[in-house]
Amino acid sequence: MSEALLTVKNLSVDFHTARGTVHAVKNVSWSVARGETLAILGESGSGKSVSANAVMNLLDIPPAEIVSGEILYDGKDLLKVDYETHRALNGKKIAMIFQDPLGHLNPVYTVGWQIVEMMTAHGRPADAARQRALELITRVGLPEPEQAMRKYPHQFSGGQRQRLMIAMALMLKPDLLIADEPTTALDVTIQAEVLALLKELQAETGMGLVLITHDLGVVAEIADRVVVMNKGEIVETGTVREVYHAPKHPYTRKLIDAAPGKGEITLLDPSAPLLLDAQKLNKTYGSFAALKDVSLTIARGQSLAVVGESGSGKSTLARTLLRLEQADSGQALWKGRDLISMGAKELLGVRREIQMVFQDPTQSLNPRMSVYSLIAEGWDIHKLMPDRRARRARVIELLEQVGLSAEHVDRYPHQFSGGQRQRIAIARALALEPEMIICDEAVSALDVSIQAQVIALLDDLRRRLNISFLFIAHDLGVVRDFADTVIVMKSGEIVERGPTAQIFDAPQHPYTQRLLAANLDPDPDVQAQRRNAPVHA
Amino acid sequence: MADLTLAKPAKELNGRGPSILSMLWRDKLAFISAVVLILIVLFAIFGPMFLGDLATKQNLRGRNFAPFSMERGWALFLGGDSLGRSMLARLVVGAHSTILIAAGTVLAAAIVGAVLGLIAGYSGKTTSQVIMRLADVIMSFPSLLIAVVVLYVLGASIPNMILVLAITRIPIYLRTTRAEVLEVRERMFVQAAVVMGAGHARIILRHILPVVIPTLVTIATLDFAFVMLAESSLSFLGIGVQPPDITWGLMVAQGRPYLNTAWWLAFWPGLMIVITALSLNLLSNWLRIALDPAQRWRLEARKTKNV
Amino acid sequence: MKTDFRALHGLDLPLLEQFGRYVWDLLHLDFGESLRKARPAIDIVLEAYAWTLPLALITMGLVVVSAIVLGSLAAFRVGGFFDRLVSIVSLVGASAPDFWIAIVAIVVFALGLGWVPTSGVGTPLHWVLPIAVLFIRPFGLVVQVVRGSMLTALGSLYVKTARAKGVKNMPLVFVHTLRNGMLPVITVIGDQAAALLNGAVIVETIFGFPGIGKLMIDSILQRDFNVVLAAIMVTALAIFIMNILIDIAYGLLDPRIRH
Numbered sequence: 001m002s003e004a005l006l007t008v009k010n011l012s013v014d015f016h017t018a019r020g021t022v023h024a025v026k027n028v029s030w031s032v033a034r035g036e037t038l039a040i041l042g043e044s045g046s047g048k049s050v051s052a053n054a055v056m057n058l059l060d061i062p063p064a065e066i067v068s069g070e071i072l073y074d075g076k077d078l079l080k081v082d083y084e085t086h087r088a089l090n091g092k093k094i095a096m097i098f099q100d101p102l103g104h105l106n107p108v109y110t111v112g113w114q115i116v117e118m119m120t121a122h123g124r125p126a127d128a129a130r131q132r133a134l135e136l137i138t139r140v141g142l143p144e145p146e147q148a149m150r151k152y153p154h155q156f157s158g159g160q161r162q163r164l165m166i167a168m169a170l171m172l173k174p175d176l177l178i179a180d181e182p183t184t185a186l187d188v189t190i191q192a193e194v195l196a197l198l199k200e201l202q203a204e205t206g207m208g209l210v211l212i213t214h215d216l217g218v219v220a221e222i223a224d225r226v227v228v229m230n231k232g233e234i235v236e237t238g239t240v241r242e243v244y245h246a247p248k249h250p251y252t253r254k255l256i257d258a259a260p261g262k263g264e265i266t267l268l269d270p271s272a273p274l275l276l277d278a279q280k281l282n283k284t285y286g287s288f289a290a291l292k293d294v295s296l297t298i299a300r301g302q303s304l305a306v307v308g309e310s311g312s313g314k315s316t317l318a319r320t321l322l323r324l325e326q327a328d329s330g331q332a333l334w335k336g337r338d339l340i341s342m343g344a345k346e347l348l349g350v351r352r353e354i355q356m357v358f359q360d361p362t363q364s365l366n367p368r369m370s371v372y373s374l375i376a377e378g379w380d381i382h383k384l385m386p387d388r389r390a391r392r393a394r395v396i397e398l399l400e401q402v403g404l405s406a407e408h409v410d411r412y413p414h415q416f417s418g419g420q421r422q423r424i425a426i427a428r429a430l431a432l433e434p435e436m437i438i439c440d441e442a443v444s445a446l447d448v449s450i451q452a453q454v455i456a457l458l459d460d461l462r463r464r465l466n467i468s469f470l471f472i473a474h475d476l477g478v479v480r481d482f483a484d485t486v487i488v489m490k491s492g493e494i495v496e497r498g499p500t501a502q503i504f505d506a507p508q509h510p511y512t513q514r515l516l517a518a519n520l521d522p523d524p525d526v527q528a529q530r531r532n533a534p535v536h537a
Numbered sequence: 001m002a003d004l005t006l007a008k009p010a011k012e013l014n015g016r017g018p019s020i021l022s023m024l025w026r027d028k029l030a031f032i033s034a035v036v037l038i039l040i041v042l043f044a045i046f047g048p049m050f051l052g053d054l055a056t057k058q059n060l061r062g063r064n065f066a067p068f069s070m071e072r073g074w075a076l077f078l079g080g081d082s083l084g085r086s087m088l089a090r091l092v093v094g095a096h097s098t099i100l101i102a103a104g105t106v107l108a109a110a111i112v113g114a115v116l117g118l119i120a121g122y123s124g125k126t127t128s129q130v131i132m133r134l135a136d137v138i139m140s141f142p143s144l145l146i147a148v149v150v151l152y153v154l155g156a157s158i159p160n161m162i163l164v165l166a167i168t169r170i171p172i173y174l175r176t177t178r179a180e181v182l183e184v185r186e187r188m189f190v191q192a193a194v195v196m197g198a199g200h201a202r203i204i205l206r207h208i209l210p211v212v213i214p215t216l217v218t219i220a221t222l223d224f225a226f227v228m229l230a231e232s233s234l235s236f237l238g239i240g241v242q243p244p245d246i247t248w249g250l251m252v253a254q255g256r257p258y259l260n261t262a263w264w265l266a267f268w269p270g271l272m273i274v275i276t277a278l279s280l281n282l283l284s285n286w287l288r289i290a291l292d293p294a295q296r297w298r299l300e301a302r303k304t305k306n307v
Numbered sequence: 001m002k003t004d005f006r007a008l009h010g011l012d013l014p015l016l017e018q019f020g021r022y023v024w025d026l027l028h029l030d031f032g033e034s035l036r037k038a039r040p041a042i043d044i045v046l047e048a049y050a051w052t053l054p055l056a057l058i059t060m061g062l063v064v065v066s067a068i069v070l071g072s073l074a075a076f077r078v079g080g081f082f083d084r085l086v087s088i089v090s091l092v093g094a095s096a097p098d099f100w101i102a103i104v105a106i107v108v109f110a111l112g113l114g115w116v117p118t119s120g121v122g123t124p125l126h127w128v129l130p131i132a133v134l135f136i137r138p139f140g141l142v143v144q145v146v147r148g149s150m151l152t153a154l155g156s157l158y159v160k161t162a163r164a165k166g167v168k169n170m171p172l173v174f175v176h177t178l179r180n181g182m183l184p185v186i187t188v189i190g191d192q193a194a195a196l197l198n199g200a201v202i203v204e205t206i207f208g209f210p211g212i213g214k215l216m217i218d219s220i221l222q223r224d225f226n227v228v229l230a231a232i233m234v235t236a237l238a239i240f241i242m243n244i245l246i247d248i249a250y251g252l253l254d255p256r257i258r259h
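Protein chains in written order, with my numbering: chain L, 1 to 537; chain S, 1 to 307; chain P, 1 to 259.
One thing to keep in mind: the hints can contain errors.
Unchecked claim - Dumping the calculated SDA-like pairs for lysine to any residue here, alpha-carbon to alpha-carbon at most 20 Å:
| no. | chain 1 | residue 1 | chain 2 | residue 2 |
| --- | --- | --- | --- | --- |
| 1 | L | 173 | L | 204 |
| 2 | L | 76 | L | 34 |
| 3 | L | 345 | S | 191 |
| 4 | L | 345 | S | 200 |
| 5 | L | 93 | P | 168 |
| 6 | L | 80 | L | 63 |
| 7 | P | 160 | L | 325 |
| 8 | S | 28 | S | 222 |
| 9 | P | 168 | L | 53 |
| 10 | P | 160 | L | 158 |
| 11 | L | 151 | L | 109 |
| 12 | P | 160 | L | 82 |
| 13 | L | 345 | L | 383 |
| 14 | P | 168 | L | 124 |
| 15 | P | 160 | L | 52 |
| 16 | P | 168 | L | 60 |
| 17 | S | 125 | L | 498 |
| 18 | L | 80 | P | 168 |
| 19 | L | 292 | L | 52 |
| 20 | L | 345 | S | 201 |
| 21 | L | 231 | L | 416 |
Treat the hints as calculated values from the structure; they're not laboratory data.
Next comes chain L alone, as it looks inside the complex (with noise of 0.2 Å):
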């Protein structure tokens, strides 16, 4: 246990772009014992991949170039040995899996081929690849190995691609598995299944496990140490336990307290008035029902989260609330009027009054607009604020309250990070002065410590100007923290609706029981204990 299995000494990498050379990773070193989980922990850009990418010899150089360093496995340095050593390495001894299956399945070959293709690349027999193919087929759990052996990756689910993908990666048993962000696409309960197979499969084959990774609770549930990255610089190394209960470095605090799903529970204030009250809401896509029956009310001031996987019609829901999609039947009235029937005109007068902070600011903000125009496009629409130096103190003031300032007023979105162009899309959002703001996954793109300073904001404007929130989310820790009024959505249905407290602390229905154990505690001890417990029911 205690000898390393492969070990990454003070490796450096650059990567030459025209704009200039960036230090992808500085000095990081790390090794991984056989049997052993360890963790890769960071945010986007913190250079978490690139170590793992250089020991599979992936970086492209040019434009990547390796400053120093040396990758020890086996008694050799895997940056010195020369490309064919290194290829047959590849696969044989260390395998990876990757975070979108999808696309690193080759879409014009079947599965069967590919994963058959792992032992005849090393030039094993196909007759004897394939047997040890349906095997793993079968034990990483899909039904029918012979017939999945000849479909393609785009007849399978995202679960069932990432089982096929690991079925691959342990077709010549290797050594070493490496797993980059394996779980990030995939709904929570499928997440917890998949991570389990990982440690089904880790304790049967005695492999060593590199886990890439930007989520807490995935690095307690499964690994043994972790190694946290920021800005290609390890900032702390250690086991688990004791890296998440006595954090040294500040940045690994940070990202600590920033982890959703730990903060005072909002109560709903029964006495405000009602502002939206949607009933029975249908709409279907051909045969597929998006929304069945759906009913929900939101007062004044409320935040109503709306949870659900992928595909439980969550985000059906606020498209038809902004008549994006036409419903089939029912009917949602906005302070007494019907928003599905009403004409052009008079929605137009309701589309000030009803905003939208969509998933992802890189997309949702005009690239060739400047910040001012995107927050002054409201008031053309509208014909609000003609007055043009009043516009300009007008959205400096919205910049300033979602903690953004002044001299960003000309530059264009390509100049923010994400976190501040989530911040941009938010004071658009109020330039109008809504009474409600739809989020649709509006935290879910950015990293865990701007989701916590943007949920804050989000929390902040709701006490301070009273606006109502239909917060669609599927990150369970986020709507603890932000909602007082929880429903839970599976396949177009509500399956179960509450207070925030009452659904976390006592969920009634099975699915909801089933969403919450799937959902990962930052904290090891309490997923041990989970892990260990009975799931609730």
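Following the hints, complete the assembly by docking chains S and P onto the known chain L.
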């Protein structure tokens, strides 16, 4: 004070006009192409005015006069044609019809194509399908054959040529515009504008057109070269521009019987076509990068490297 | 004499019936007789196609093979020798009119060096210049698309997976990348195969090659309407069939379209 803090970013971003020119200066090939094209446009505009008479003046003693000799004055420096007319003057005047046809065609095709593309991209399924199937039919048939047949029916004249060439080029602009519109209108920022209450006109003018126009300009530059080649092919075949009008394609055809004895009759006009088309191609390559905000830094970066 | 002519061509029948017969004949590929050669127009057109088809097939075959090989090589080493070669040939193809290339080629290789005959058919040498001139433009376009699409495919995530699996370089390029990279190329090859007829009109005229392009131009200049019509209809049919073949090829290459 407020002005000071705002001055810097404003200068960086609003200095678009001069920065385009200096970016052009930095790419020498593109710069030379632009100069050549300006020169040819000047030929096209002023050529007939100043050299129109010289280009048609016959001189039997200058028949098939060999080039590169100043013996008979600058007019015959590039040689004389089969009727002793000045090749130099004819080449300059020939730019007129060539450029007129190409410009008219590209302008007409681009405008009609872009409007139809906007309609196809923005309207319901049926309208869009009808427009696209029509474009497919035009596209799938060889453009030169269409032109040949239509000119055969309508008769060869410059307006007819513009008409028929424009029809064969419309699908290019139509498809590009529609594809971009479909892509842009699904982007989140357009949805965001809809949620704010923006109407169709605003979405098309403010959000969609600014993305589509640079692409269209780039294609139009490339297409200008293509149309020029098509026009010269038609004129060469004898179903395009008719004498006494002059175009480079027609000049090549007129020189063809004398390949054995006077190669310059067919060579110079061909070379003019090549130079113009080459400049257009090079400029279009540059435009593709210069007009794309995501790629512009490639051109801007050269500056910082040198300084 | 005049009435004979009218009776022969059915011009004495009522107008509507004339039109009805006419459409009926067209549907049976009966375009009447050539006004010049006193033979069925369809026969003349099919004879011409018998010359153009091998010319087009040989040219397109050369274009496809060389564009795929050179385009892939150019994509594999961006900025290298093949990349430069490819971009120069493409630029020439997009800038030089084919009739001019043909004329310069005749002056240099036929009149000057005397390596090949100037025009006509008969020996394999007669085919060299027409094929060479026809080749340049479609090659320039297809090779650019191959290069771009191979670049995209080489940078894709599944190639990264294959590298992580330890797949060797040759299968990486020719098994994992090429089949994906071919998808956009197929469409362009289809477009260019149709556009080849544009070049055929020019090249056949200049080299005195008795194919469909020359026939079209000759018939138009001689106002032989039936032959022109027959040529158009047969060409349309040929393009229609080719588009179907392209769609089938697409489905064979990409399982996502099949399902």
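Quick rundown of the hints versus the structure:
| no. | hint | in the structure |
| --- | --- | --- |
| 1 | 173(L) / 204(L) | holds (11 Å) |
| 2 | 76(L) / 34(L) | holds (17 Å) |
| 3 | 345(L) / 191(S) | holds (18 Å) |
| 4 | 345(L) / 200(S) | holds (14 Å) |
| 5 | 93(L) / 168(P) | holds (16 Å) |
| 6 | 80(L) / 63(L) | holds (19 Å) |
| 7 | 160(P) / 325(L) | violated (39 Å) |
| 8 | 28(S) / 222(S) | holds (19 Å) |
| 9 | 168(P) / 53(L) | holds (18 Å) |
| 10 | 160(P) / 158(L) | holds (19 Å) |
| 11 | 151(L) / 109(L) | holds (9 Å) |
| 12 | 160(P) / 82(L) | holds (19 Å) |
| 13 | 345(L) / 383(L) | holds (14 Å) |
| 14 | 168(P) / 124(L) | holds (14 Å) |
| 15 | 160(P) / 52(L) | holds (13 Å) |
| 16 | 168(P) / 60(L) | holds (16 Å) |
| 17 | 125(S) / 498(L) | violated (43 Å) |
| 18 | 80(L) / 168(P) | holds (19 Å) |
| 19 | 292(L) / 52(L) | violated (45 Å) |
| 20 | 345(L) / 201(S) | holds (16 Å) |
| 21 | 231(L) / 416(L) | holds (17 Å) |
In terms of the numbered hints stated before, the structure departs from hints 7, 17 and 19, listed from lowest to highest.
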